[in-house]
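Input sequences plus hints: build the corresponding full structure.
First to last, the protein sequences are chains A and B.
What the first sequence shows, in the numbering used here, is residues 1 to 689, in sequence order.
What the second sequence shows, in the numbering used here, is residues 690 to 1378, in sequence order.
Some hints could be false.
Said to hold, decoys possible - Chain B residues, not near chain A, derived (Cβ > 12 Å throughout):
{"hint": "1", "residue": "807"}
{"hint": "2", "residue": "814"}
{"hint": "3", "residue": "847"}
{"hint": "4", "residue": "896"}
{"hint": "5", "residue": "906"}
{"hint": "6", "residue": "948"}
{"hint": "7", "residue": "951"}
{"hint": "8", "residue": "974"}
{"hint": "9", "residue": "1013"}
{"hint": "10", "residue": "1093"}
{"hint": "11", "residue": "1095"}
{"hint": "12", "residue": "1233"}
{"hint": "13", "residue": "1335"}
Said to hold, decoys possible - Pair by pair, the computed Cβ-Cβ distance ranges are:
{"hint": "14", "chain 1": "A", "residue 1": "297", "chain 2": "B", "residue 2": "751", "range": "51 to 57 Å"}
{"hint": "15", "chain 1": "B", "residue 1": "1088", "chain 2": "A", "residue 2": "36", "range": "57 to 63 Å"}
{"hint": "16", "chain 1": "B", "residue 1": "1250", "chain 2": "A", "residue 2": "369", "range": "26 to 32 Å"}
{"hint": "17", "chain 1": "A", "residue 1": "410", "chain 2": "B", "residue 2": "766", "range": "34 to 40 Å"}
{"hint": "18", "chain 1": "B", "residue 1": "1328", "chain 2": "A", "residue 2": "452", "range": "52 to 58 Å"}
{"hint": "19", "chain 1": "B", "residue 1": "1332", "chain 2": "A", "residue 2": "39", "range": "51 to 57 Å"}
{"hint": "20", "chain 1": "B", "residue 1": "747", "chain 2": "A", "residue 2": "642", "range": "42 to 48 Å"}
No wet-lab data here; the hints were simulated from the structure.
Even glycine gets a Cβ: it sits at the ideal position worked out from N, Cα and C.
There are 2 protein chains.
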Amino acid sequence: MEVKIVLIAALGGSVVALLYALSRAKWIFKQKVENEQLKRIGGFVSEGAMAFLSREYKVLIPFVILVAAFLAIGNKGPIKLQAAAFVLGAVCSGLSGYIGMKVATAANSRTTQAASDRGLNAALKVAFSGGSVMGMSVVGLALLGLFIVLATTTRLFGEDVVALADVILPILTGFSLGASLIALFSRVGGGIFTKAADVGADLVGKVEAGIPEDDPRNPATIADNVGDNVGDVAGMGADLFESFVGSIAGAMILGLTVQADDELKVKMMLLPLILVTVGVVASLIGTFFVRTKPGSDPQKALNAGTFGAAGIAAVFVFIVLKFFIGEQVFNGGSGMYHIFGACIIGLVSGVVIGMITEFFTGTGTRPVTSIMKSCETGAATTLITGLGVGMMSAFPVIVIIGAAIWSSFALAGLYGIGIAAVGMLITLGIQLAVDAYGPIADNAGGLAEMSEFPPEVRDITDSLDAVGNTTAAIGKGFAIGSAALTAIILFTSFKEQSGVGIVDLMSIPVLVGILLGAVIPYLFSSMAMSAVGRAAYKMIEEVRRQFREHPGILTDDETPDYKRCVDISTQAALKEMLLPGIISVVTPVIVGFAGGPEMLIGLLTGVTASGVVLAIFMSNAGGAWDNAKKMIEAGGSGGKGSDAHKAAVVGDTVGDPFKDTAGPSINILIKLMSMVSLVIAPMLKSFWG
Amino acid sequence: MEVKIVLIAALGGSVVALLYALSRAKWIFKQKVENEQLKRIGGFVSEGAMAFLSREYKVLIPFVILVAAFLAIGNKGPIKLQAAAFVLGAVCSGLSGYIGMKVATAANSRTTQAASDRGLNAALKVAFSGGSVMGMSVVGLALLGLFIVLATTTRLFGEDVVALADVILPILTGFSLGASLIALFSRVGGGIFTKAADVGADLVGKVEAGIPEDDPRNPATIADNVGDNVGDVAGMGADLFESFVGSIAGAMILGLTVQADDELKVKMMLLPLILVTVGVVASLIGTFFVRTKPGSDPQKALNAGTFGAAGIAAVFVFIVLKFFIGEQVFNGGSGMYHIFGACIIGLVSGVVIGMITEFFTGTGTRPVTSIMKSCETGAATTLITGLGVGMMSAFPVIVIIGAAIWSSFALAGLYGIGIAAVGMLITLGIQLAVDAYGPIADNAGGLAEMSEFPPEVRDITDSLDAVGNTTAAIGKGFAIGSAALTAIILFTSFKEQSGVGIVDLMSIPVLVGILLGAVIPYLFSSMAMSAVGRAAYKMIEEVRRQFREHPGILTDDETPDYKRCVDISTQAALKEMLLPGIISVVTPVIVGFAGGPEMLIGLLTGVTASGVVLAIFMSNAGGAWDNAKKMIEAGGSGGKGSDAHKAAVVGDTVGDPFKDTAGPSINILIKLMSMVSLVIAPMLKSFWG
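As structure tokens, this is what we get:
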């Protein structure tokens, strides 16, 4: 009975979110783009992005079929349905990326037009609407997918604890795996695309030819803008869809393992779903707070939305717990206040990680200023200082993550960690709206430049972009923190599902597993970095070739061949994303079957511990270099064109694949490997007896 | 009885090694330095190096006293003697560094003189003699120290299993801790000194003023050469002293834990000591193979020494096992062949890791060539490719380490891993001789340049230096592999000593410990890198100042103020080495007492897994950049002075603190933290009941 009510609520939340997204999307498409060149260039970007996405999905279809076949054949009895859930997860994830990008590429040029015709506030409204379509689609589709899987399976197999634990939740992990798989490929593929184009465009355009960023004479400039959409929008959408679904599924599994009677166990399992449903509603309400009057500060508008939604969500959560749990206790003493505490720990530690991130990467902070100063003595010291800053930043973040794990565990056991993970992402709808708003504003600026709008338009989009940065840093904090927490709940869930007893840390297979796990994120990053290096090399050669063979390009007498650059990025991304993706999927399977579940748990521990730290290091080093460069461009240490600036560009270019390809991909990698393990847990259980 | 014989043998081995070192040292000092400028400049370098070392030791004395007091007060009963053993370990480690450097700085200028007067072979003889003094002093002092500790304690407390396990071996860990502590400070301090000077000298001298390396007009050039001795000779000597003692102590502890009767347990405990004693003799014999006739290849001479010693050691080990173990079995079936197998696994995997290292970092290999090619498109792509190569290289190395752990464990349990660790370092005497030979030859080249010898002399020393590189890569492989294995045997020993039962990997304190552990090497590296960055910045400012205020320096009319540059490096090194060192010592103490021994084991696991991978990545990325630059200087990709060369210099400069400061320090860090834990294990046991 309760199960039905919760599922209907989830469906309701999903429908509301999707309807809201639809209405915002319609509104955006109704806005007109009047400038002809903007229409044309915006069309190039949109076309290139959609073409890449559909080619990417085509490449992935056989891969999805293969994994689905493995799940259908490898599993026994009803768990074979994992295969169907997997395909659904993959489709929903792909769809979130598709919708997000379709709308973002439309919102880009309309933001430029609005900035030109009607100024800052109108532009903010368009850009934020674009972001909110993305945010609401992601959470709406996630709830919809979860509803479909759970409604179907409970109808088929019943709602009792045994059916839930042995059949329904294992099938649900298939859904989550589908989401993770597509997310990894999108992040890696998108990351390679965007950084190859970016590095290529910057190094030849800015450094060699001396033309500004986003100059239409640069043949790689369209590819660069396509890349921003492919990487920052579609990649991020799939990424956060995955995080959201993964943390919910993990927490649901842990819900069934609390010590309580069967009825309460089922409630605990359902709770994460209810929490995110009220979170979706809170996010939706939050979007209405993002209003600006002429002259008011857009940063305040975004903050009002984000923090308003978080506050409302907290109130909702408390009310839900009051009615749904009330006085009931589990684990011999934990009750609604403990759960509420764990949820708040998740929310707060996400914000704190975001603040730490901001401290180590934001313009004008002490660490970033130290990088700027080191630019004065050349590229080498810029690199050394930036690497040092990135490494340092990992320490406080890990301390916060450790504290969050420890304290939420103290409140409500493993389930508490699950709730903290869900709590971090509870207002994902609006967080993602703000996150996606950034690249839209950024792209709008690029389009303004390429379409030769007057500089005031660029100034407006720049200020929009700058506003998004702080909020985006906080969003990044949530992504990092939730990846660590989710990975931990997933591999503890794996332990439950695979039927192993205590895992002895000092046993040699476990230790070897940990060592091997620790090196996987490096292997993975190396592949991603080298792929960017190789693709950028090709891009550089191509841009140099065009400048050399068509000198008319630089004098504005010839149009560069944009398409060829887009093709180079597309092909490189599609080719190079496969191997790292396959390694992530295949490694846990091999280790699980050849080395046993204990060694696999070791592997997952190693991947998580080493991966989380490496990801923080890479993301923050990249972010810090980026802003050190921006500080110099704003006049610090000699300003634009100085030797310090050249050194800063080198730092930023190295940071690009760090922060936009390898770093965020590792966040997915660690969850994907745990998810693969979780999915094959029933097979491993019967294989190892 | 057996204990006495083994101890006497160890003493004998020690005396032979030290006498050999003494005779070689005398021979070196008997060689004359006739060139006046060589004498003067060599004097500067030697003076600067010895001055630094004595100031460094002075800074460390209070620290050593503090730790000794903690050990004397914190321990109960006879274990208080740990404090004395600790001081002895610190003194022996300091002494190895001192002797090594005293002789190396004498051998430098004599190698130059020999190269000038009598050519390649004479120069090889001097340089290798210098290295062998270092190698033999290190192993001789290690055996002597072990003898003193064990002879005293067995006389005081007896030779039975209980006394050994509860009193004598815990006291022995104090000796090992003393060695580790000094090693860490020497590596970090030496690493900061040498890289600050190197980066400063290169960036202003080579890049800005356009004068060649080691030009006497460069004020930082003496500091640079002092740094090579301080970092590569004294630092490495203390480092390998630590590795050697640590692996022996760890294996001895594990020897007592095998399943066997008491008599055999004691034999197993003694075995590592016997193995290294015969290894010392084998190394000594090996040094006599390093002979060249005029016209023969010096590489062959060094190979003959290294591989000859390894072969002889293998034969000796077999004979020892035959007589000492014979048909006896332990752990329910392992016998002498299993032990022999584990020992060979150690030796072979060290060589394989060395070959992998050579593949990823050697001149002309595919990965290094790819870095060279990426130099053509600028510093950014150089950095991206190099980081990718370094990350990639960690994967095969970890696979080999994992395989070595697994297979030696399969042969003889945990004890097998201990034997493999000892096996890796069994011929340390000659490995270290070859390792130390490299910097001596390198420095001889620097002195030739600074003393304005004709270019033929430099050619000879360069070819000597090049010869050492491959062998040095193999030495690095041994250092990395043995660090990983030793860390693992140390923290398994800690588990035995601290009295905890099974450590549940899935318990939250353990997982949080692992996460926290994983970030420590990053924190540590960050500090080391930033220290180099800061010190290099000061050095750059100073060199620029001297060139600016004394234009006569560049026209050879004024002598630069070398001393001031040496002072900058000295002060920076002494100031900046303290904090990372203190963190390494204090962290396990805090986690052990506040979080408990299980969490501490988690911490050590995290530090080891993350640290080993990070160290390999950093060392190999640095090595690869270095050789990519050398390939360009030898005429590749445009050659010296081209834009590609400039990019390569940036890569090399970033790689310097990677490979010579942070990377090797992490190898010590992971062992030091395990060693601290092992030493406080009795205290933790009584604290936690």
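How the hints compare with the structure:
1. 807: The assertion about residue 807 of chain B holds, with a minimum of 39 Å to chain A.
2. 814: At roughly 38 Å from the nearest Cβ of chain A, residue 814 of chain B sits farther out than 12 Å, so the non-interface label holds.
3. 847: 30 Å, holds
4. 896: Violated, because the least Cβ-Cβ distance between residue 896 of chain B and chain A comes to about 7 Å, which does not exceed 12 Å.
5. 906: Residue 906 of chain B is indeed farther than 12 Å from all Cβ atoms of chain A, at 20 Å.
6. 948: It holds; residue 948 of chain B is separated from chain A by about 16 Å at its closest Cβ, greater than 12 Å.
7. 951: 24 Å, holds
8. 974: About 35 Å separates residue 974 of chain B from the closest Cβ of chain A, which puts it past 12 Å; holds.
9. 1013: Holds, because the least Cβ-Cβ distance between residue 1013 of chain B and chain A comes to about 26 Å, which exceeds 12 Å.
10. 1093: 10 Å, violated
11. 1095: 5 Å, violated
12. 1233: Answer for residue 1233 of chain B: violated, closest chain A Cβ roughly 9 Å.
13. 1335: 9 Å, violated
14. A/297 to B/751: 51 to 57 Å: Check passed, 55 Å falls within 51 to 57 Å.
15. B/1088 to A/36: 57 to 63 Å: 59 Å, holds
16. B/1250 to A/369: 26 to 32 Å: At 31 Å between Cβs, range holds.
17. A/410 to B/766: 34 to 40 Å: About 37 Å separates the Cβ atoms of residue 410 of chain A and residue 766 of chain B, which means 34 to 40 Å holds.
18. B/1328 to A/452: 52 to 58 Å: 43 Å, violated
19. B/1332 to A/39: 51 to 57 Å: 41 Å, violated
20. B/747 to A/642: 42 to 48 Å: 43 Å, holds
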